[in-house]
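Undergrad: One letter stands for each residue in the lines below.
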Amino acid sequence: MTTTALPESRADLLGVAAQRRRTGIWLLALTVGLIVTGVIAVGSGAIGIPPITVARIIGHQLVGLPGQVTWTPAQEAIVWQVRLPRVLLGMLVGAGLAACGVALQAMVRNVLADPYLLGINSGASSGAAAAILFGAGAGFGQYALSSSAFLGALGASLLVFLIARSGGRVTSIRLLLSGVAVGYALYATTSFLIFASGSAEGARSVMFWLLGSLGLARWNVLLLVAAVVLGGMICYLTVVGRRLDVLAIGDETAQTLGVSPDRFRLRLLVLVSLSVGVLVSAAGSIGFVGLVVPHLARRIVGAPHVRVVPVAALLGAILLVWADVLARVLLAPQEIPIGIITALLGAPFLLVLIRRLHATGA
Amino acid sequence: MIQATQVSWRSGTNPVIDGVSVTARPGRVLGLIGPNGSGKTTLLRLLYGALRSGTGRVAVDGDDLTTLPSREAARRLAVVVQETGGETALTVAELVLLGRGPHLNTFQRTGPADHRIAAECLTRVGAAHLGSRPFAGLSGGERQRVLIARALAQQATHLLLDEPTNHLDIRYQHEILRLVRDLGTCAVVVLHDLNLAARYCDDLVLLGQGGVAAAGTVAEVLDPAILETVYGIGIQRLDLDGAIHLLYHPHDQPAVQRSAA
Numbered sequence: 001m002t003t004t005a006l007p008e009s010r011a012d013l014l015g016v017a018a019q020r021r022r023t024g025i026w027l028l029a030l031t032v033g034l035i036v037t038g039v040i041a042v043g044s045g046a047i048g049i050p051p052i053t054v055a056r057i058i059g060h061q062l063v064g065l066p067g068q069v070t071w072t073p074a075q076e077a078i079v080w081q082v083r084l085p086r087v088l089l090g091m092l093v094g095a096g097l098a099a100c101g102v103a104l105q106a107m108v109r110n111v112l113a114d115p116y117l118l119g120i121n122s123g124a125s126s127g128a129a130a131a132i133l134f135g136a137g138a139g140f141g142q143y144a145l146s147s148s149a150f151l152g153a154l155g156a157s158l159l160v161f162l163i164a165r166s167g168g169r170v171t172s173i174r175l176l177l178s179g180v181a182v183g184y185a186l187y188a189t190t191s192f193l194i195f196a197s198g199s200a201e202g203a204r205s206v207m208f209w210l211l212g213s214l215g216l217a218r219w220n221v222l223l224l225v226a227a228v229v230l231g232g233m234i235c236y237l238t239v240v241g242r243r244l245d246v247l248a249i250g251d252e253t254a255q256t257l258g259v260s261p262d263r264f265r266l267r268l269l270v271l272v273s274l275s276v277g278v279l280v281s282a283a284g285s286i287g288f289v290g291l292v293v294p295h296l297a298r299r300i301v302g303a304p305h306v307r308v309v310p311v312a313a314l315l316g317a318i319l320l321v322w323a324d325v326l327a328r329v330l331l332a333p334q335e336i337p338i339g340i341i342t343a344l345l346g347a348p349f350l351l352v353l354i355r356r357l358h359a360t361g362a
Numbered sequence: 001m002i003q004a005t006q007v008s009w010r011s012g013t014n015p016v017i018d019g020v021s022v023t024a025r026p027g028r029v030l031g032l033i034g035p036n037g038s039g040k041t042t043l044l045r046l047l048y049g050a051l052r053s054g055t056g057r058v059a060v061d062g063d064d065l066t067t068l069p070s071r072e073a074a075r076r077l078a079v080v081v082q083e084t085g086g087e088t089a090l091t092v093a094e095l096v097l098l099g100r101g102p103h104l105n106t107f108q109r110t111g112p113a114d115h116r117i118a119a120e121c122l123t124r125v126g127a128a129h130l131g132s133r134p135f136a137g138l139s140g141g142e143r144q145r146v147l148i149a150r151a152l153a154q155q156a157t158h159l160l161l162d163e164p165t166n167h168l169d170i171r172y173q174h175e176i177l178r179l180v181r182d183l184g185t186c187a188v189v190v191l192h193d194l195n196l197a198a199r200y201c202d203d204l205v206l207l208g209q210g211g212v213a214a215a216g217t218v219a220e221v222l223d224p225a226i227l228e229t230v231y232g233i234g235i236q237r238l239d240l241d242g243a244i245h246l247l248y249h250p251h252d253q254p255a256v257q258r259s260a261a
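Residue numbers (full-length UniProt numbering), protein chains in the order written: chain A, 1 to 362; chain B, 1 to 261.
In isolation and in its complexed conformation, chain B is listed as follows (with noise of 0.2 Å):
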């Protein structure tokens, strides 16, 4: 479990996150979502400890997450950023490998279990071919599945994703986001696509201005009477078969007189 405490992260004297608190609970997806600039990231980095809040607090299972030394916190949280590493000359292979150093000490090397869970979740992200390649030649959705593999194969308690389905196609936007739905581990995921969230997440936190908008299960942020003020166009919710589906339309243009054109 992932409890932040009246976070806040400025941008010069621009506030980016003001006073903010989220509850990632245990076993469930969180979504952060919201329109651009919104803080979706930051509140992410602030939860992950890569920014320091000068308010409140971030703990993890209990313990606050400046007092755990580093590695400690990679075993807790494996994170996917957008930070590429695109000029790196490993091999995707070895690159698996590196999510597996939290669990060495200085003086281990990798050892055929570790081998082992990196294959697996090289398999699991549908890259297992990859393996021998080096990251920089690959195409953008290769090289974000084989980041998540990475975040995988560290095997954390949480997992935290900023935007994991940028670069990726249609199916493994969907594959992506069921296998972390699959973990059943705690996750933490930054989402642009509204409907992706829909689908894939339990709860969500619904940013606008530098603060909270909307918090709750999907079924409850995700009306349409809060997302248009938020995002400032017209939204239509569609309840088909137990599942949410929103339709967009631009203020100006109602979207039941174009149905009737």
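If we strip away everything but chain A, and leave its shape as in the complex, we get (with noise of 0.2 Å):
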């Protein structure tokens, strides 16, 4: 395209049109970023392996590549059984946790919320807990852990949405003050929990699971559940960009927009109560991605939502991919629960945004 500067600029009066083809660029850029993580954090880990085999192997799986075989059968298993699901629901995760927070932030007003702020990781925890020490759940086979986690934190979710309820309107103070409560009570529950069962061993494994871990990740219904809820939940925010916009101004402005604030923010308190039950019961609670992502990609593209939960879907999945790959080769061959890296990677970050916050004064 070339056209002479004047009548460009006449076309595009505002701007608009420069602003989604820097947002384009950014999208590519990032995917080409995951693809490129996804294959170099499938290599690494206590046993290296080359990222061009790594794409051997994964295109031969995948759609049955011709070709030599030029790798082992234990590379094979290392990389299809056990690093590509973890990596996959590494990205998951990441993109999972990084829009819930978009979302969360939009819809209480707050730039420090974030996915855990609504106590659903508290129940979720709660859950996995009892499982763990008690064996709760134990008819749902393999899927015990998580799927005790998942009611956990589906409950917490209902009791935080009826507390908030009461008495009227859902409005973002009641939602972020009973989320708040509901999450301390769950968090004094687990903490009973460990306490009462009196099993060093099991305490370990809570507190492990209470860190995070992609550890679990194996080819199975949850990591595809996983990627329904999570890819459905993107896309939905992705479309509802401009509904975003406009209740994150204000519950009144929205209104006089065209957009019913009360039913949108029931609409999304379910499907973000529905996604971190997920994420949680797939990976343990993951601090800080979801609080600092937001930020970051709001820095990049700038504050339109239809710009904000894409780009922050794809540096929520490279960052916490990176952040996996940190936790299993720092200290290997033992592996750091990757909430203590998160929360390390995280917590400079939030204190730059406080001293920010504080320079203009907001």
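Keep in mind that the hints were calculated from the coordinates and are not lab data.
Be a bit skeptical, because a hint or two may be false.
Stated by the list, open to error - Which residues of chain A face chain B? A partial, calculated answer using Cβ under 8 Å:
1. R165
2. E252
3. T253
4. L257
5. S260
6. A303
Ideal Cβ placement from N, Cα and C applies to all residues, glycine included.
Need the complex rebuilt from these two chains, each delivered in its own frame; the hints are there to steer you.
TA: If you want it as structure tokens, here you go:
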């Protein structure tokens, strides 16, 4: 396209087209970054595998790519059975956490909101602790831990919603406060379960799970469910970007621009609760991703949610996979809980954010 | 046309608006005036459905407001509220483009026509140069003009404004109200300043004690005898060059004495 500067600027009065091009370039770059990240992450670990080999194994498994088998069966097992599901789960969890964070920050109009604010993860943790320590949900077989964590998450979000709703409309501040209250109560419940069980081994595995881990990733139903729920949630949030924009401004504004704030908030709450339930039951509590990544995304492409949601999802996916690589290699062969890595990386960022908030007087 | 019949609102047990009926006629500017706490803003919020009256009904072009889907309501009523949205990180252009939302379906993004409308509306309020600035960084007056531009971009058949002249300097107070007048759409404006109301409104509703103290054309309502009892201040009316001007003086200081002194 070679147009002179004048008609170009006339056609793009508000700079919207330029901004869309910029976003498109970012999305493309991040997608490439995500694929590269995936290949490198699958290759790294206790046994290193060259990226080319990783790509070939995946290509061979996925579409039966013809070509010589230049790798060992052990390499194939490591790539396909162990590391690829783990990296994919990492991408899903990272993207899901970031997108939930974006939705929640718009929903409660607070830049410090994150997916765990609504007490949902505390519910999941209580469920998981009950499963690990007391064998709750044993009827679900290999999914006992995930299912009972998910049920805990569902129960917590229902409770939060009922409290927020008692006596009228579900407003941002009521949602926030009831989330915090339920979160603390369930945190106490989890601690009590650990204390009451008196099993040191059980307590250690609950702690590990509380700090988050992608170590449970397998090719199984859980991975599929996570892909469907989180993928669906990210698509939905992108499509309703404009509605998130107006909701983030205020209820009255949303209403006068044709968005019914109460109904929309309820729909978001259901979707986010479901997603966080799936996330936490698959990977435990991983903090800071949902809090920090939306801010990064906004700095890159501006505030409109139609751009922020996909960019945040891609960024979250990349960041979480790298955090998991660090968790695996830093103290190899020991594995650090990934929540520790994300908190160590996220806390300094939060401090910068606080300084900036202070500086602008907001 | 907006027709409210016998609408009420109470805050706790305290009636703020009690059985009030008002009509905003097509092509005319209706001013809502009254002392502090007389329920001007509450009445306006009842008119655009932010508050739902327990009694009576509000009809927009004959349709009951409660039965209109929210997007259709937004195509009929554009509102400038006092909620500023000062925390938003959107740019001015992005904020004004949100006014086009009610005209787009969920999967549609804004097109060149929407961008042209938004740019024109920014120009009309004298804010064309602010387009790429973050909204949160603007002064109070600039924000007010941008919010009015967003309401204009909505191209609704009715325009409702809650004290649109707040934060504006004198020049923009007049420019914005003249703009509202020149639009020729049905408009409802909450105003503090009676002289602005006198100059830019066609009809006025004077609220006092939860009810309508007077309603009618500007010349009828701005009657010192009525205004003095509602506002509790001495008022002198001058009709100069076909326009109404009001002068105020406290009751213990009669106007005649002061001008004689």
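Undergrad: Mind checking the CB of L257/A against every CB in chain B and telling me if the closest is under 8 Å?
TA: 5 Å, holds
Undergrad: Does T253/A hold up as a contact with chain B if the rule is Cβ-Cβ below 8 Å?
TA: 6 Å, holds
Undergrad: Under the criterion of a CB-CB separation shorter than 8 Å, is A303/A in contact with chain B as hinted?
TA: Holds. Min distance 4 Å.
Undergrad: Can you verify the interface hint for S260/A: is its Cβ closer than 8 Å to any Cβ in chain B?
TA: Holds. Min distance 5 Å.
Undergrad: Less than 8 Å between beta-carbons is the criterion; does E252/A satisfy it with respect to chain B?
TA: This interface hint holds because 5 Å falls under the 8 Å limit.
Undergrad: Quick check on R165/A please, does its C-beta sit within 8 Å of some C-beta on chain B?
TA: Because about 18 Å separates R165/A from the closest Cβ in chain B, which is outside the 8 Å limit, the hint is violated.
Hint compliance for this structure: hint 1 is the single one not met.
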